[in-house]
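J.: Go ahead and model the full structure; you've got the sequences and the hints to work with.
Residue numbers (my numbering), protein chains in the order written: chain A, 252 to 315; chain B, 27 to 247; chain C, 17 to 262.
What the hints contain is simulated information worked out from the structure, not anything from laboratory work.
What you are looking at is a predicted structure, and each value in this text was computed from that prediction instead of being measured.
Fair warning: there could be bad hints in the mix.
[To be verified] Okay, derived cross-link-like pairs now, SDA-like style, lysine to any residue, Cα gap no bigger than 20 Å in a straight line:
#: 1; chain 1: C; residue 1: K135; chain 2: A; residue 2: K297
#: 2; chain 1: A; residue 1: K297; chain 2: C; residue 2: P35
#: 3; chain 1: C; residue 1: K197; chain 2: B; residue 2: L222
[Claimed, not checked] The following label-pair restraints were derived from C-beta to C-beta distances:
#: 4; chain 1: B; residue 1: G104; chain 2: C; residue 2: P42; range: 47 to 55 Å
#: 5; chain 1: B; residue 1: K75; chain 2: C; residue 2: W142; range: 16 to 24 Å
#: 6; chain 1: A; residue 1: R301; chain 2: C; residue 2: G139; range: 54 to 62 Å
#: 7; chain 1: A; residue 1: L268; chain 2: C; residue 2: W222; range: 34 to 42 Å
#: 8; chain 1: C; residue 1: F88; chain 2: A; residue 2: A283; range: 51 to 59 Å
[Stated by the list, open to error] Pulled a few chain A residues facing chain C out of the computed Cβ check, cut under 8 Å:
#: 9; residue: M263
#: 10; residue: G264
#: 11; residue: Y266
#: 12; residue: Y269
#: 13; residue: F274
#: 14; residue: A276
#: 15; residue: C277
#: 16; residue: L280
#: 17; residue: V295
#: 18; residue: R301
#: 19; residue: L304
#: 20; residue: K313
#: 21; residue: S315
Ideal Cβ placement from N, Cα and C applies to all residues, glycine included.
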Amino acid sequence: MQWNSVGEFFAMGGYALYVWGSFGACALLMIAEPFLARRRLSDVRKSLARERLADELELQQKNS
Amino acid sequence: MNAFLATVRRDLLLALRRKSEVLTAVFFFVIVTSLFPLGIGPEPVLLKKIAPGILWVAALLATLLGLPRLFSADHVDGTLEQMALSPSPLGLLVAGKILAHWLLCGLPLVLLAPVLGLQFDLDASTLGILTLALLLGTPLLSLIGAIGAALTLGVRGGGVLLALLVLPLYIPALIFGAGAVEAHSAGLGAGGHLSLLAAMLALAGFFAPWATTAALRVALE
Amino acid sequence: MRQSIIQWFRFASPQSFYPLAGRMIPWFWAAAIIFGIGGLWISFFVAPTDAQQGEGYRIIFVHVPASWMSMFIYLVMAFWAGLGLALNTRVSGMMAQALAPTGALMAALSLWTGALWGKPMWGAWWVWDARLTSELILFFLYLGFMALQAAIDDPRRADKAGAILALVGVVNIPIIYFSVKWWNTLHQGSTINLNKAPSMAQTMLWGMLLMALAFWMYSIAVALMRVRAIILERERHTEWVKHAVE
Numbered sequence: 252m253q254w255n256s257v258g259e260f261f262a263m264g265g266y267a268l269y270v271w272g273s274f275g276a277c278a279l280l281m282i283a284e285p286f287l288a289r290r291r292l293s294d295v296r297k298s299l300a301r302e303r304l305a306d307e308l309e310l311q312q313k314n315s
Numbered sequence: 027m028n029a030f031l032a033t034v035r036r037d038l039l040l041a042l043r044r045k046s047e048v049l050t051a052v053f054f055f056v057i058v059t060s061l062f063p064l065g066i067g068p069e070p071v072l073l074k075k076i077a078p079g080i081l082w083v084a085a086l087l088a089t090l091l092g093l094p095r096l097f098s099a100d101h102v103d104g105t106l107e108q109m110a111l112s113p114s115p116l117g118l119l120v121a122g123k124i125l126a127h128w129l130l131c132g133l134p135l136v137l138l139a140p141v142l143g144l145q146f147d148l149d150a151s152t153l154g155i156l157t158l159a160l161l162l163g164t165p166l167l168s169l170i171g172a173i174g175a176a177l178t179l180g181v182r183g184g185g186v187l188l189a190l191l192v193l194p195l196y197i198p199a200l201i202f203g204a205g206a207v208e209a210h211s212a213g214l215g216a217g218g219h220l221s222l223l224a225a226m227l228a229l230a231g232f233f234a235p236w237a238t239t240a241a242l243r244v245a246l247e
Numbered sequence: 017m018r019q020s021i022i023q024w025f026r027f028a029s030p031q032s033f034y035p036l037a038g039r040m041i042p043w044f045w046a047a048a049i050i051f052g053i054g055g056l057w058i059s060f061f062v063a064p065t066d067a068q069q070g071e072g073y074r075i076i077f078v079h080v081p082a083s084w085m086s087m088f089i090y091l092v093m094a095f096w097a098g099l100g101l102a103l104n105t106r107v108s109g110m111m112a113q114a115l116a117p118t119g120a121l122m123a124a125l126s127l128w129t130g131a132l133w134g135k136p137m138w139g140a141w142w143v144w145d146a147r148l149t150s151e152l153i154l155f156f157l158y159l160g161f162m163a164l165q166a167a168i169d170d171p172r173r174a175d176k177a178g179a180i181l182a183l184v185g186v187v188n189i190p191i192i193y194f195s196v197k198w199w200n201t202l203h204q205g206s207t208i209n210l211n212k213a214p215s216m217a218q219t220m221l222w223g224m225l226l227m228a229l230a231f232w233m234y235s236i237a238v239a240l241m242r243v244r245a246i247i248l249e250r251e252r253h254t255e256w257v258k259h260a261v262e
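T.: Structure follows, in C-alpha cells:
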C-alpha cells in the first residue's frame, strides 16, 4: 500500500484532476447508461400495460 | 455492356438538360477554395503549404453536394424499380450511374484544380501531381458516396445524414490524395501515395457497386 | 447434432430470446461488479507508482479497456449485422442496434480519458496521433450507424441498411487505421511518438485485464437490457408480448 493518508489518496500525487476526471467520467456514464436502458424497458412495459387495459375496457363495454 | 453505356448516356443527357445542378457543385468548389485565402491571409508560403489540403477538402464537399441527386430522381419517378426488374444486372446499371456522376461532378473538379492551384502559387510539376491525384481520387469519392446515397435514399434528413455516413469513409482518400502533393513538394516522390490511391480505387471499383446495389434493393423493398 | 443446431436457432426468435436475456442479465452484472472491484483494487492499491508518470498513469486502467471495447464492440456489431443480413434472423439486427450506443459510449470514454491522460503527459489535451485519430473516426462511424438507424422508420429496412453500413465500416477500419498511421509518420515532426509505452509491471497487466473483463461484462449486460427493450418495442403487436408483460 503506497498511500499514507486519505488525503494523499485523493491528491493522486498531483494528478487528481486527471485521474479522478477519467475514473469519474467512466463511473458517471456507466451508471447513467444502464439506468437509461432500464427506463426504456419500463417505458415500453408501461405503454404495453396501458394498451392491455384499454383493450380490456373495450371488451367490458362490448359485453355489458 | 450496352446497358451500362446506355445508362451513362441517359444520365449525362438528363444532366445536360438541367445544367444548373451540375454547375452549382462546380461553383461551390471554386468559391470554397477562394474563401480560404480570405480567411487565413494572403501569405504565399503558408498558402502554398495548405493548398493541397484545401483543394482536397473542397473536392470532398463538392462531390458530397451532388450525391443526394444520384438516385433520388429515379427513385421518385419509379425508374429505379424498373432498373431493378430489368434483365441486365442492377449492379451494371448502378456502375453506369456512378460513372455518369463522376463525369458530371468529379471530372470538372479535376479539370479546374490546376487553375485553382495557381491561386495558391503552386508550380507546374506540383499542379500535375495534384491533378493526377484528383483524377485517381474523385472516382473513389463517387464510388464510396454512392453507397451512402443508396443507404439514405428516401430517408428523413437524407442530405445531412449522407455527409455523416460518407465523410469518415473519405478520410483515406483525403490523406493519400493531399499527401501525394505534399510528398512531392517535400521531394519524397508521390509514387507511393498515388499507387495506394489507385489500389483503393480498384478495390472500391469492385466492391462499391455491389454494396450500392444491395443498399438499393433494401431501399426498394 | 441436427437437434442441437435447431436448439440454437430457437434463440434467434425474439420470443425465446427475451426471457433468456432477462435470465442472463443479473449474472453479467454480478461478473461486471466482481471484476470491477478487483480491477479497481489493483489499480489503486496494488499497482505501484510509475517511475516516469507518477500516479497519473493510473488512467490506463480505464483508458485501455474502453479503447479495446470500443473496437471490439464494432466488430461484434458488424458480426451480428452481417448474420442478420445473411440468415434474415430478427434478433441479430436488434442486437446490432442495441450494441451501437454502448460502443459509442466506449469510444467517447476512450477519447475523454485519452485527453485527460495526454494533458499531464505530453502537455496537450489532444495530439494528432494515429491511435487517437483512428479512435475519433471510429466514434464518427458509430454516430453514423446510429443516425442511419434512427432516421429509417421501418425497423426491417433500418436493420438491413445499418448492416450494410456496418460491414462497409468494418472493411474500411483497417484502411483508415493504416492511412492515418501513414499520415502520422509523414508528419512526425510535429507530433509525439506514443509507441514507447513504459515497461509494464506484472500487476499493472493484471489490473488492466480485470478492468477489461469488467468493461466486457458491463457491455454485454447493458446491451442485453437494451435488446429487451427493443424486442418489446418492435414486437408490441404480437400475442406473446401481451402475455409477457402481465
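J.: Next, verify each hint and record whether it holds.
T.: So, going through the hints one by one against the coordinates:
Only pairs whose Cα atoms come within 20 Å are accepted, and K135(C) paired with K297(A) is rejected, the gap being roughly 46 Å. Only pairs whose Cα atoms come within 20 Å are accepted, and K297(A) paired with P35(C) is accepted, the gap being roughly 18 Å. Distance check on the hinted pair: K197(C) and L222(B) sit about 14 Å apart at the alpha-carbon level, within 20 Å; holds. Distance hint check for G104(B) and P42(C): the Cβ-Cβ separation is about 52 Å, which falls inside the suggested range of 47 to 55 Å.
At roughly 21 Å, the beta carbons of K75(B) and W142(C) sit within the given window of 16 to 24 Å. As the Cβ distance of R301(A) to G139(C) is approximately 57 Å, the hint placing it in 54 to 62 Å holds. Look at L268(A) against W222(C): about 27 Å separates their beta carbons, and that is not inside 34 to 42 Å. F88(C) and A283(A) have their C-beta atoms about 22 Å apart, which leaves the hinted 51 to 59 Å range violated.
Contact between M263(A) and chain C, as hinted, is supported at the beta carbon level, the nearest pair being about 4 Å apart and thus within 8 Å. Checking G264(A) against chain C: minimum C-beta separation of about 4 Å stays under 8 Å; hint holds. About 4 Å separates the beta-carbon of Y266(A) from the nearest beta-carbon of chain C, less than 8 Å, and the hint is met. Look at Y269(A): its Cβ gets to within about 5 Å of chain C, closer than 8 Å, so that hint holds up.
Look at F274(A): its Cβ gets to within about 6 Å of chain C, closer than 8 Å, so that hint holds up. Using the Cβ-Cβ criterion of 8 Å, the hint placing A276(A) at the interface with chain C is satisfied: the shortest such distance is roughly 5 Å. At about 5 Å, the closest approach between the beta carbon of C277(A) and any beta carbon in chain C falls short of 8 Å, and the interface hint on this residue holds. With its C-beta approaching chain C no nearer than about 6 Å, L280(A) sits inside the 8 Å limit, and its interface hint holds.
Annotation: V295(A) was flagged as interfacial toward chain C, and the flag holds, the nearest CB pair being 4 Å apart, inside 8 Å. Contact between R301(A) and chain C, as hinted, is not supported at the beta carbon level, the nearest pair being about 11 Å apart and thus beyond 8 Å. Among the interface hints, the one on L304(A) is violated; its C-beta lies about 12 Å from the nearest C-beta in chain C, farther than the 8 Å criterion. For K313(A), the suggested interface contact is broken, since its CB lies about 18 Å from the closest CB of chain C, more than 8 Å.
For S315(A), the shortest C-beta to C-beta distance to chain C is roughly 23 Å, which exceeds 8 Å, and the interface hint is violated.
Of the numbered hints given earlier, the model fails hints 1, 7, 8, 18, 19, 20, 21; all others are met.
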